[in-house]
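If you read the sequences in order, they're chains A and B.
Numbers 1 to 785, taken from this note's numbering, label the letters of the first sequence in order.
Numbers 1001 to 1189, taken from this note's numbering, label the letters of the second sequence in order.
If you're looking for bench data, these hints aren't it; they were derived computationally from the structure.
Please read all numbers here as calculations on a predicted model, not as lab measurements.
In this text, a Cβ means the ideal position worked out from N, Cα and C, and glycines have one as well.
Where hints are given, some of them may not hold.
Here are some, though not all, of the chain A residues that point toward chain B, as calculated from beta-carbon distances under 10 Å [as the list claims (entries may be wrong)]: (1) Trp105; (2) Glu139; (3) Val272; (4) Pro456.
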Amino acid sequence: MNERFTQRVPRKFVGGYRPKIDGAEKASGRARYADDLTIMQSFPNLLYAKVMHSPYPHARIKGFDSTKAEALPGVVGIITYKDPEVASLKLTNAGWTDAVDTVPWDRMMFQFRDRRVLGEYASWVGDDVGFVVAAESEEIADEALRLIDVDWEVLPFVLDPIEAMKADAPLVHQDLLTTNVMAPDPTGGDDVFVVKGDVEADLARAEVVVEGRSVHHNATQGSMDNWCCLVEWKSDQVTVWSNSYAADQLRMHISQMLDLPLHRVRAIASYVGGQFGRCDTGDQPFFLFTALLSKKTGRPVKFRHSRRESFHDSRQPAIYTCKLGAKKDGTITSMSFNSIGNAGAYADHTMFALKYVPKELTEMVLAHIPNLRMEAYGVYTNGLPGCMMRGVGNSQFNLIFGHVIDLLAEKLDMDPIDLCVKNFAHEWESLPSASLDAVLREGARRIGWKEKRHLPGKGRAYDTVKRRGVGFSFHPAWHAEWQEKRRGQVQVSITLNPDCTVLLKAATIEIGGGSNTCNVLGCAEALGFLGIGTEDIHWSSIVDTNDGLKDCVQTDSAVSFLQSEVMMYSARELKERLREIAARELKLRPEEIDFAEGRIVAPALPALDMTVKQLLHKGDMAPITVAMSRAPNEKQTGVPFFANFAEVEVDTSTGKVAVLKLVVVNDCGTVMYASGAEAQQIGGQCQGMGEALTEEIIYDKATGVPLNFNWIDYTIPTMADMPDIDPVLLEVWKGGGEYGACGIGEGTLTCTPRAILNAIYNAIGVRINDIPVKPEKILKALGKD
Amino acid sequence: MSTEVKEVSPVVAQPHVLAVAQSRSIRIRINGLWRSFALGDDLPASATLAHLLRERLGFTGLKVSCDEGACGACSVIKDGKAVLSCMVLAVEADGHDILTIEGLAPDDPVVEAFAEQSEPGYGTALQCGYCTPGFVMTARALLNENPTPTLDEVKDALSGNICRCGCYAGIAQAVLRASAKIVARRSEV
Chain A
1 MNERFTQRVP RKFVGGYRPK IDGAEKASGR ARYADDLTIM QSFPNLLYAK VMHSPYPHAR
61 IKGFDSTKAE ALPGVVGIIT YKDPEVASLK LTNAGWTDAV DTVPWDRMMF QFRDRRVLGE
121 YASWVGDDVG FVVAAESEEI ADEALRLIDV DWEVLPFVLD PIEAMKADAP LVHQDLLTTN
181 VMAPDPTGGD DVFVVKGDVE ADLARAEVVV EGRSVHHNAT QGSMDNWCCL VEWKSDQVTV
241 WSNSYAADQL RMHISQMLDL PLHRVRAIAS YVGGQFGRCD TGDQPFFLFT ALLSKKTGRP
301 VKFRHSRRES FHDSRQPAIY TCKLGAKKDG TITSMSFNSI GNAGAYADHT MFALKYVPKE
361 LTEMVLAHIP NLRMEAYGVY TNGLPGCMMR GVGNSQFNLI FGHVIDLLAE KLDMDPIDLC
421 VKNFAHEWES LPSASLDAVL REGARRIGWK EKRHLPGKGR AYDTVKRRGV GFSFHPAWHA
481 EWQEKRRGQV QVSITLNPDC TVLLKAATIE IGGGSNTCNV LGCAEALGFL GIGTEDIHWS
541 SIVDTNDGLK DCVQTDSAVS FLQSEVMMYS ARELKERLRE IAARELKLRP EEIDFAEGRI
601 VAPALPALDM TVKQLLHKGD MAPITVAMSR APNEKQTGVP FFANFAEVEV DTSTGKVAVL
661 KLVVVNDCGT VMYASGAEAQ QIGGQCQGMG EALTEEIIYD KATGVPLNFN WIDYTIPTMA
721 DMPDIDPVLL EVWKGGGEYG ACGIGEGTLT CTPRAILNAI YNAIGVRIND IPVKPEKILK
781 ALGKD
Chain B
1001 MSTEVKEVSP VVAQPHVLAV AQSRSIRIRI NGLWRSFALG DDLPASATLA HLLRERLGFT
1061 GLKVSCDEGA CGACSVIKDG KAVLSCMVLA VEADGHDILT IEGLAPDDPV VEAFAEQSEP
1121 GYGTALQCGY CTPGFVMTAR ALLNENPTPT LDEVKDALSG NICRCGCYAG IAQAVLRASA
1181 KIVARRSEV
């Protein structure tokens, strides 16, 4: 039995262990997702769209003949790259936003415009190119694509980023660029994007220097709910049902790319079956061509990815090297990072991962290291584009960060936990960080750090050939409220009905992170003076841009507190409105009235026995609505820390790694919903362990064809694979606002791969630093291949 | 639109005798009701059971996520056993008994246990919920056969289902709690 979390401040609703607010709807199969809302039964007139995928890693369409496809019964519309409505579309990219904000095309966050919507160039096997068909069934649409006779000019390709950097490498975008190495951009900065102090001089005189290298591959998000949309272009109104998790930005995307005013575009979404950072605006050309097909055919058109097609972006793969200088007492004096990111075919969020996030980390965790240098290069190759995945950039950085810490600790014969506490804290706190100290000490206690840790490879053998070891890694969180200012205004509308029930409009598309539950708990907490419970609050899973509220995009469970913070203000406003109503009724001044547990309290009327419900019953019965918009609290409170600890058992005869136990510790500031937070912590280990040990996209290097775009060969952990997981919630740090919470969802898995890798080293005494660590890598490292 | 030719009241299951190719129609008992479907353009012989149930009949509880038998999201119960409806052709269900999540009782102990799961240390049994109906039906089939499974037996039975949110700990607890509910309800009777 794991230990139960206890709250720093006891609260009635926020922070408790309780079922999810949508638990019954989801467990009974009644919850409806985009694919469920758009079935044939609901849209009897619908057509299905399918797009052509390039069979080559690099090619250009020289010409085509679509006569046979057009003649196929059941084909209703074909659009090709030659058609003016496609050929006139602006170049785009998936780097429009950091996923939470709404921005137009000219203000995209990362200004790499390298994606053509249905272009004539193909830049990876699977690239959407050239042709899209609307037909009476998906099978007919697929058949029509096969019947289009394409004259391909097959071009040379490159998959390896180091090869792609060479002067004679094939150019991935020969029509747009003269090199595969991305030019510095305004948001990411120069190639050398962090210079603090003098790293080279310090390394030259440092008492101890260590150097490490790590390779992070491209795991993919694997959302179970494949991309799906249905677009109906009727008269001059475009309505989109989809499982995009950013409705307001989707509306902006379509408006900007198809040149439509915002009021002519309506985006509707419901539950989304997992997000995990899948995509961003601009890598979703299907919204555009599905809309154009609907316009052309005059019928609603549905487009959805197959499982194979859903392998369309990944975590940004990165090769890191780091050189670290320190004193003999363990004081780190310099760190120098170099990285090469394999962007794949499109730039997308490459510089987010390689530069933007590491630069933030200099403030969040490296603030007390006097000499820092960071240098990064994003490189185009003809592979799957790297984009966002749960914790953009942080996982890749942690893989090298946790490595060099372990190296240094070993060289100094120091406990790495002591080494971390001695050196790392955020910019606005002095060493040691109370939050970091707490997460590391608690994690160590839970895993049995002191008892289980031994000299690398020197532990006892189990079953003759098996060795056990423990390891950890830590990282700073990155979704405190002050870091959410890019979102702009967070909007919430609360309506109090005359029977004292509540209509809550806190638009956020529920992707599983539990923000809807947090919002209902936050609403009940804020309206505590009404004496209501969660059952008195109506909320909806449907987000509709025509409601006029910007949806708060669920990233890193930050929405668990952002809208609840606004509700505290809404509640105050609502209370004022009720005071005025009560004052008129009771013939008192508003300041003489208060409310407690749903009852009116007026010291001037000690005998008063009236509930809020009775008060409202006497009035005009009009609902009272308080609509509130507030920017996130910008008070710079720093960030809390989190850590992962792992115990593994390595079979030195087969190379198989069995993870025996994982401990995940998150300092949350305030836990908004304990069961949901623990679910995120436990679930995160599943993805983190998959990235560390099994999940990998494999290419046929001779042809550039990815070989495992399916869930048989891309191996996601199942129930049988997962070890015992101990989720630990702490409230040590506190941010601004009532709750001062912090998102934890992404962070739960950021350190899992490095914790497992360090545990493997502790077990067998040999380091492996490229993930996933499949058995052959262990055997090779042990000299047994 | 509908390919359904007639609905028959629940009656005694009749053995299917005619070859599908001859009759060009199939009969399936879905959630207790025998239903007949004509094969044709709207329902080709290549249509999967998942397609029939979801797209034609609106049983959207089951999800098609991988469409190749790798994830379990489309699990339904066929003649008491959990099957992957994306791997079963509609014609293969001819003459058989199919139970979808919509056919479970409103107070089904498995559904209740999945919905309620929130015990400290295990998280919830679902986050995004997309895999949940598949897990519920697989667990339901397990508990029909073995009402008191051990944790290892639960893991073994459910390891063909993927939950990308990774709620396996909560799911396993929910199945054990559903088992306890079943036992408790039996002793009440």
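Do the hints match the structure? See the list:
no.	hint	in the structure
1	Trp105	violated, 30 Å
2	Glu139	holds, 8 Å
3	Val272	holds, 7 Å
4	Pro456	violated, 30 Å
Hints 1, 4 from the list above are not met by this structure, while the remaining hints are.
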